[in-house]
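Engineer: Given next are the chains, with one letter for each unit.
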Amino acid sequence: MVVTATQERTPTFFEEVVSATPGGKTNLELCLQCGTCGGSCPSGQDMEHTPRALFAMITAGMKQQVLSSNTPWYCVSCYYCTVRCPQEIHITDLMYTLKRMAIKHGYYRQSTAADAPDFSQTFIGYVENYGRSFELGLATRYHLSHHPLDVVKMAPMGLGMWRKGRMDLTPKKIKSIQQLRAILEKARELGGEA
Amino acid sequence: MSEQFEPVIVGFLCNWCSYRAADLAGTARIKYAPNMRPIRVMCSGRVDPQFVLKALREGADGVMIAGCHPGECHYVEGNIKALRRFFLLKNLLKQWGVEDERVQLVWASASEGNVLAQAVDRMTQQIRALGPLRWKESVWSENGHGPAEIIEKAPVAEEV
Amino acid sequence: MSEERVGVYVCHCGTNIAGVVDVVEVARWAGEQPNVVCARDYKFMCSSLGQELIEEDIKQNGLTRIVVAACSPHMHEKTFRGATQRGGLNPYFFEMANIREHNSWATNDKEMATQKAKALVNAAVQRVVYHQPLEPLQVQINSNTLIVGGGIAGISAALELANAGYHVYLVEREPSIGGHMAQLDKTFPTLDCSACILTPKMVDVGQHPNITLWSWSEVENVSGYIGNFSVTVRKKARYVNEDLCTGCGICEEKCPRKVIDEVFEAGLSYRKAIYRPFPQAVPKYPVLDPANCTYFERGKCKACQILCPTGAIDFEQQDQLITVEVGNIILATGYDLFDARRIPQYGYGRLANVFSSLEFERMVNAAGPTGGKIVLRDGVTQPQSVAIIHCVGSRDKNYNEYCSKVCCMYSLKFAHLVHERLPEAEVFNFYIDMRTPGKGYEEFYHRLLHEGTHFIRGRVAEVTDAARLPGEEGKLIIQAEDTLIGRQRRIPVDMVILSAGIQARDDSKEIAHLFGLGCDFDGFFVERHPKLDPVATMTEGVMIAGACQGPKDIPDSVSQGAAAAARVASLISQGTVLMEPVRASINAELCSGCRICNNLCPYNAIVFHADRKVSEVITALCQGCGTCVAACPSAAITGAHFTNQQVLSEIEGILWDVRQPQAEPV
Amino acid sequence: MKYGYYPGCSLERNASAYHKSTMAVAGPLGLELQEIDDWNCCGATEYFAVDALPAYALVARNLALAAEQPGNGHQVVAPCSACYLNLRKVDHYMGNSPELASQVNTALAAGGLHYSPGTVKVRHLLDVFVNDLGYERLAEKITKPLTGLRVAPYYGCVMLRPVLDGTFDNPEYPNTMDTLMATLGAEVVDFPLKAHCCGGHMTQISENVALELIYRLLKNASEYDADVIVTLCPMCQLNLDAYQDSVNKYFKSDFKIPILYFTQMIGLALGMDPIDLGIGKEFVDARPALAKIGVEIPVEEAAKKKKTGKEELPMPRMPVEG
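Protein chains in written order, with this note's numbering: chain V, 1 to 194; chain Z, 1 to 160; chain H, 1 to 666; chain S, 1 to 322.
Accuracy of the hints is not assured; some may be wrong.
Claimed, not checked - What follows is a list of derived Cβ distance ranges for each label pair:
(1) H:E442 <-> S:E312: 36 to 42 angstroms
(2) V:K173 <-> H:D522: 52 to 58 angstroms
(3) H:D522 <-> S:G309: 38 to 44 angstroms
Said to hold, decoys possible - Footprint (simulated), chain Z over chain H, 3 or more residues, beta carbon under 8 angstroms:
(4) 89-102
(5) 511-518
The set of hints was computed from the structure by calculation and includes no laboratory data. Don't be surprised by glycine CBs; every beta carbon is placed ideally from N, CA and C.
Extracted from the complex, chain V is given alone in its bound form (with noise of 0.2 angstroms):
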């Protein structure tokens, strides 16, 4: 698929996709509809549509449904099918592709799976913030703003990976975080679609 620049029209829904993908080359064009990514996936029972049929929804344009369906985020990038797929396509990378577009349109709120977006927003917050991550306030702050319960349910491990020693109180802060948060400042001004 050749998106040529001098194109007039507005892109497709495929074309977006396409171009929002870094390296801007998916093979997507070339999916058989063979089904080897959702017999592959981990998490496909699952998913609303597997990856071939969200496929299929992509080349047909049905934008709304594509990105509102939970199957990107049922994604657990284990690359199976990325591997096996006898087309080549850069599965994995599309439905990270898939879930920038559906936070950048808002549509995963209609999705089945629409607190891991979130998830994702507060880890990178804490990233942001001190330059890495940080499992307890992550777990804490994701949950209480998510699933109240769960905090409670979760205690016994939290408080295990703390007994442990595997847990932090306090996150690690990296030296130059203002050279980070320069860099990711710039990174998403440049970042646009891509």
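Model the placement of chains Z, H and S on the given structure of chain V, informed by the hints.
Structural biologist: This is chains Z, H and S only, laid out in the frame that chain V set:
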């Protein structure tokens, strides 16, 4: 036509692999830069260095020599001979300040239309970036007599 | 400035060329070029009218040279040389400019395409004026033919030629002819028994007076050219004297050494150290395999020798090198089955009850290891459920991208055989697309639907023995997406058959090199033209037939074998063949006797006359590559039709628009 | 052998045992691991899901730091599979797409950094052990072989997949760690799910989905009577270990399979003190299993090679592992 500089590349394609690769590229409707102008030779081994010098001297911005993959030469190993000759020629050209990208050797089997097409695209971009060769001004004058002698040896058709 | 009168003809090729190149403008412009006395554009130059146009102009306008700007010379050079000749000129006073494949089909930029077309036309014009009259070389055709490969394609070819009264040398690598077809049980879609239809043909080959059969042999060396090849064949030591052996089989019976038969039985059963792959083997003589023979290992045993009633066993036998002269060669070297071990997630070699398609062919074969019983690896248990996985190693960029063509059909055949032998068993076929083009093929598919095979549209993700759900314990679980319902499914079965694809022989590249052929990316031999000449190759006098050219089923292989034979027969009956006079020649006056060319020539076609201190080209051996021409320091060698003069002026012509140094390139 | 060392966030805390054991065995085996100064989080699986370019920049900062830090021979070792993948992936994609590379570098420039793709070679810790050190050199150092311990090597996903420009083991059915464990004298289980998924971050997003995946692994391992599951990734260890209890509650099962790091196994085989290897930090107690080491135990059901009947058909020959 676009304003950008459109290099002219002379391609010496061997009859058995690369010429057929170009045929295949066409038959498969693979689109690639129209800047390469093919000349058919029976084997890349037939490409006499004077052909290359002649082409550059006559205004080409680059020369592509294309043959069968090593080991697949229709004439057993003509392409290997071409390879040896190619290296000698490159040394010569380097001394005269002709950039590496301007003269390239490419392997493309009869089944590799895409390979040839990509090679042409790549080479066209590289030379577009380099700009025109202007053999007569740059190479000829700057280096004074050096190449001139050789080039004089590269005869004009009538002289042969 | 020469005074040749050139005629230029620019072909529209319908819109193929005219759609991109401004052919009218090119013709107009060409008319203004030096030497060009008439220039025309025409819808279809290759049509009889187009050709007559040329013939007319030669007569009317006294043309002396012809240039046609159209398709690739590989397509129509012959055609227009014909027209040129009919017009009364030497056919080599013609030159073709390829403005279709190399131009109009390769770009959408009309302006540059037109510019390029002008360059190509001009190059041809400036070249053609230096063309010299040439006469094609005529060579005699030896009526013997070498056929490499004794599978069904090679057998068909051999019988056609032999029956036509021509002698055939049939070389087979294995101990017996028959190829893969001999391993099969039934053949789709008619289900007639493979052996029943094959063995009579094998016997014919074995007994035919016009066929010399060398099995357990390989071609070692090939030299020469069409009509006059000289081929050296290595007849590997059989350790059996064929003149004494009666094929009684006692040696095989008495041999104490059992080894797994990786070839004929696809590793599913055993053979002896001295063996015939199967009872109906042709020739009937067994082969002793020294690598596994107790005598060769420990110097004792000799059971076969002692018990052979005719004393035919000869431990001293050596390989034999035989050289034969043939006029043509047919390659029918067949295919290898894709090795399913390369796809670990299907578990072949790791999970006992995963079988390859060839293993299953042997299993269902009445003459096979289990006498046709379908059983699990334990040799006794009958499977209650069987999964057949299509496209194993095919249609997959990680392995072979192409479709192997036969797997869908043989998978259907497998399904049928399971239904037939185990009526209780359930059969699941996992496919991506069901491909059944061919006479009676789709009907066979419908028959299987009727027989109750479960067809699941989905490429299998993995085969595992890791039970997860109830009912999976002790089974092989097929995990796949049923794409027609868009859900992941796990189907527990007892037996899995991997429908492995067809791929080129692992040594096809070496074979191709030996016979001077081209191999495509996948290792299949390249035919002269994919549509119009699928049996000939770029090398005159060498034909190809069967799966060595690409995946094929039996009927296709038989047809191509026969077709190759017909091509050879027609060449033989012509008696002689014309060859391109593109040859090198040395001007003794200019030759300095440096002998550089002598070693350069891959065909040893250049001899050195020590007495006169000059080299000379043996025209019959020269293939016209021109390497020597380019290398000759004293420019004493001329390559006919590719002289320096011709190429140099072609270069000038092709650069018509950039030749003035001050002018910027467009 | 000198390398840059990128521990990653997990090894600082929840996988401190991995870090500790790595440090403990590296020295004696002649591996010099020099921590990348002031490295930052690799973004795990989350960052790429939110904002691509910052995610690339985040990782690229580490690569840039590694590239300019002297003495690491431009090789960075990551013990965590997720870090390993992210570092590789960013280097690879920057190499493949010049425009991505330039964007990332514009971002890095804001922090006075630059990274040219291909400068740093990213290695997984296991890769270094099996390929640079090698089984033989390791075998020489073994004083206390793990004889009698049934080990299920568990590779997880992202050390093996995607292949990008080549991995050091088979993405579908890896065996380097199997060989490594065999070298240590352990009895290696041919673990069918060795390369399957541990649930990754699903424990946070949709716990039931994750528990199901973890359950599959534990069930399969226990069917093969594994005493220990050996991992090479903090995420895998965390999910299989910390959630084993939840799995047991959810599925009414009672798995008690300790999850250890391959570096801890190496340490044990080198005769080191378990405490120095961080053993004891795991939730599922490893001591009962480790008590077996050196003790002969009867061959278990799963291990028994069933007698082959005479009708039995031969198995296809497998190529010798190179």
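Engineer: Confirm or reject each hint.
Structural biologist: Status of each hint after checking the structure:
no.: 1; hint: H:E442 <-> S:E312: 36 to 42 angstroms; verdict: holds (40 angstroms)
no.: 2; hint: V:K173 <-> H:D522: 52 to 58 angstroms; verdict: holds (57 angstroms)
no.: 3; hint: H:D522 <-> S:G309: 38 to 44 angstroms; verdict: holds (41 angstroms)
no.: 4; hint: 89-102; verdict: holds (count 4)
no.: 5; hint: 511-518; verdict: holds (count 4)
Figure legend: structure checked against the earlier numbered hints; every hint is met.
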